[in-house]
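S.K.: Below are the chains, spelled out letter by letter.
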Amino acid sequence: MRQAFAVFRGLVLSSLRDKYTLFWDLVFPLVLLVILVSIFGNIGNTISEIVFDVGLVVEEDQAGGLLPVGAVVEGALREMASGGPSWLNLLKRGSLDEELSALAEGRRHAVVHVSGAEVTVHVQEGRMLSEIAGDTLGQVLESVNVEINRRLGLISSASVQTAYRNVEAAAGSPEQGGFDFAAYMVPGIILMVFLSSGLGPMVQHLGVDRELGRLRRLFAAPLGRGQYFAGILFYILALSLVQVCLIYGVGLLLFGVRLNLLAWDAVFFMVLALAALLALGFAISAAAKTANAAAALSNGLMYPMMFLGGLYFPVMQLPYPFKLIVLANPVTYLVNGLRHSLGVFTSPTPPWANVVAPLCFTALMLLVGLRKFKWDV
Amino acid sequence: MKSYLVVAKSLMLSLLRDRASLFFSLALPLIFLLIFAPAFSQSGGNNTVKVAVFNTASAADRSLLENVLNGMTGLRTQYLESLDEVADVVALQQADFGLAWDGFVLEVLLNPARLQDNAVFTQITEGIRSQLDRKRLGLRDFIKVEVQKAEEGNPDAGLSYILPGVIALGVMSSGLFLISSSFMHMKERSVLKRLAATPLKKLDFLAGLITTRMALSVISACLILLVGWSVLGVRMPINWPLFVTYLIAATLIMSGAGALIALVAKSARSASEIAGLAMTIMTFFSGVYFPLEFLPKHFRAASLFLPATYVARGFRFALGVEPMAWARFALETGILLLASLAAIWAAAVRGSWDADRSE
Chain P
5 MRQAFAVFRG LVLSSLRDKY TLFWDLVFPL VLLVILVSIF GNIGNTISEI VFDVGLVVEE
65 DQAGGLLPVG AVVEGALREM ASGGPSWLNL LKRGSLDEEL SALAEGRRHA VVHVSGAEVT
125 VHVQEGRMLS EIAGDTLGQV LESVNVEINR RLGLISSASV QTAYRNVEAA AGSPEQGGFD
185 FAAYMVPGII LMVFLSSGLG PMVQHLGVDR ELGRLRRLFA APLGRGQYFA GILFYILALS
245 LVQVCLIYGV GLLLFGVRLN LLAWDAVFFM VLALAALLAL GFAISAAAKT ANAAAALSNG
305 LMYPMMFLGG LYFPVMQLPY PFKLIVLANP VTYLVNGLRH SLGVFTSPTP PWANVVAPLC
365 FTALMLLVGL RKFKWDV
Chain B
437 MKSYLVVAKS LMLSLLRDRA SLFFSLALPL IFLLIFAPAF SQSGGNNTVK VAVFNTASAA
497 DRSLLENVLN GMTGLRTQYL ESLDEVADVV ALQQADFGLA WDGFVLEVLL NPARLQDNAV
557 FTQITEGIRS QLDRKRLGLR DFIKVEVQKA EEGNPDAGLS YILPGVIALG VMSSGLFLIS
617 SSFMHMKERS VLKRLAATPL KKLDFLAGLI TTRMALSVIS ACLILLVGWS VLGVRMPINW
677 PLFVTYLIAA TLIMSGAGAL IALVAKSARS ASEIAGLAMT IMTFFSGVYF PLEFLPKHFR
737 AASLFLPATY VARGFRFALG VEPMAWARFA LETGILLLAS LAAIWAAAVR GSWDADRSE
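So the protein sequences, as listed, match chains P and B.
Numbered per my numbering, the first sequence spans residues 5 to 381.
Numbered per my numbering, the second sequence spans residues 437 to 795.
If you're looking for bench data, these hints aren't it; they were derived computationally from the structure.
Subject to a maximum C-alpha distance of 25 Å in a straight line, what follows is the list of computed SDA-like cross-link-like pairs (lysine to any residue):
(1) B/K580 to P/V150
(2) B/K580 to P/S163
(3) B/K580 to P/L95
(4) P/K96 to B/M760
Only part of the chain B face toward chain P is listed, based on derived beta-carbon distances under 10 Å:
(5) F459
(6) A536
(7) G539
(8) V541
(9) P548
(10) V583
(11) Q584
(12) G594
(13) I717
(14) P759
In this text, a Cβ means the ideal position worked out from N, Cα and C, and glycines have one as well.
Based on the provided sequences and hints, a complete structural model is requested.
M.R.: Structure follows, in structure tokens:
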């Protein structure tokens, strides 16, 4: 035990002396949490604040139709553009060709062209904001048409109303509140640091120490292999504990996220996550022949596991073959289980799968690791 | 010229042995492309949108909705017996969104975690509502609305947006770490000090070093375009001469950003770590994956100071995804290029090649 503690102490001191390791282990996850919540937590409001530059070209109705469509459309759009903060900046400056070239140069998001009773909304395909502007204008003009029909007494019954609501995606009781993106992100960031711990320090220490012959020298001293291994595990456990506290603290202080991280099922999923990801790190150390190869394998696995595990956004709706990766990824089940147990998001995978899949994965990785691992190169 | 070629060849061989640089410049952007393409591409594109429906309307209105839904392409409809069932399948992500129809109100159930998709589902719903109105009320078309899209371009705006962003990411990676990591490490290990004692000119060495990163940028961009074209089916009206020229300019611009970092960092390790952090920040705040307009105001303002913002936009312009006035493009690129060359000059040519003397 004393020897294991000595290894643990050595690792802690070495980390404390390395400001970069401290930054990436302790500060970076917090920076990432703040960035993601600030951007995506309010994306609905941010998008609704976008102002679209829309060119309007009205051609006189030569046929002298029943209704001055140009005037009606212009009136409706002007009313929309004038009232308070609006999503529409209406520009009526040039001919159709001039406006279309402004659209082609990116100075307009869309161009509305009224010719007789025909209204054409020109947008640029493949340009995201232009397509959003086009769809929105299309809806507005459809509603103008309904309104004209109504004012002319051509329709009497009410038009269809749409009512939007979010489903109760939080697993807890309604009193716990609805969906909160910051609360959704906190377990995601916790598992991200566990993934980094499993594929980082474990692989790095085992790989580099083995390759440089440090292990051989260490084991010549009165230090057992189990004690060395226990020292690394203690270090990762201590690091993970500090990381979880910091992430929760920032979530609470900056975004008011209150989660019961000490609930037995949440603790179970966090322990299971650490075990599964450390087992993966152990298997990588065993399978890779050099420290360089181990690092490359870790990096190659880390990003797909992170992003296709649903740590930052839901992934169960992805099409095949991506969904196969999602379903084969233990992080998917771990993060679903943790979020569900914390009451922040209903698990899209069955509760039994959230336990069984990571357990099987851990067993498999341990089996690979124990069979292949060599203490010496 | 001969010394430049010798340096370029040896540095290229050294780069090919550097698995970490190859991973971050070649493999990582590809991994990101394959991860983010299905996540950020519009759900209404090639993917089928699954909608769960609970219908309590009269027989006529019920079949009206069924007809409208059947007539919409890319929708897969699942009829359920209760509103709770619809809510459950939406919450469990077995359906993309839910609809409840009583003949008057079309209730739409969205999963709040589907942040990037809900705008598309709202759009689809408004289309359904419009069709219902049209059929039920017998609307007369005083206004015939047609949304006309330019013929060129990829039908999936999300994918079109991401691909140039990922190319920019690869260029950012190879350029940013050129001076901040490779050059600084060689300086710290006294490789440059020894080279300075030979008749090799500083500019020849620097040109060789930059050439290796240019090659890396070109290979990375080609791989991304190839995967985008063959796996994701992305077709873009690429202006090839402009694209290749900009690839070179963008690598220089990002190398300049790396040189700025090298000027302020105290050691190779700190320069490399700062570059890593800068890369992460620029990934989020430079409009690489989503338009800058999606960022909160203060982040949008900060993005104006990041070279990656202009590099990503330049690639979207060169690949025909985002229009821009030529004068503006030339001005932005010219200013950044001049500033970058000045930074590279200050850090790598004018600055000492001896780590001991710099301290």
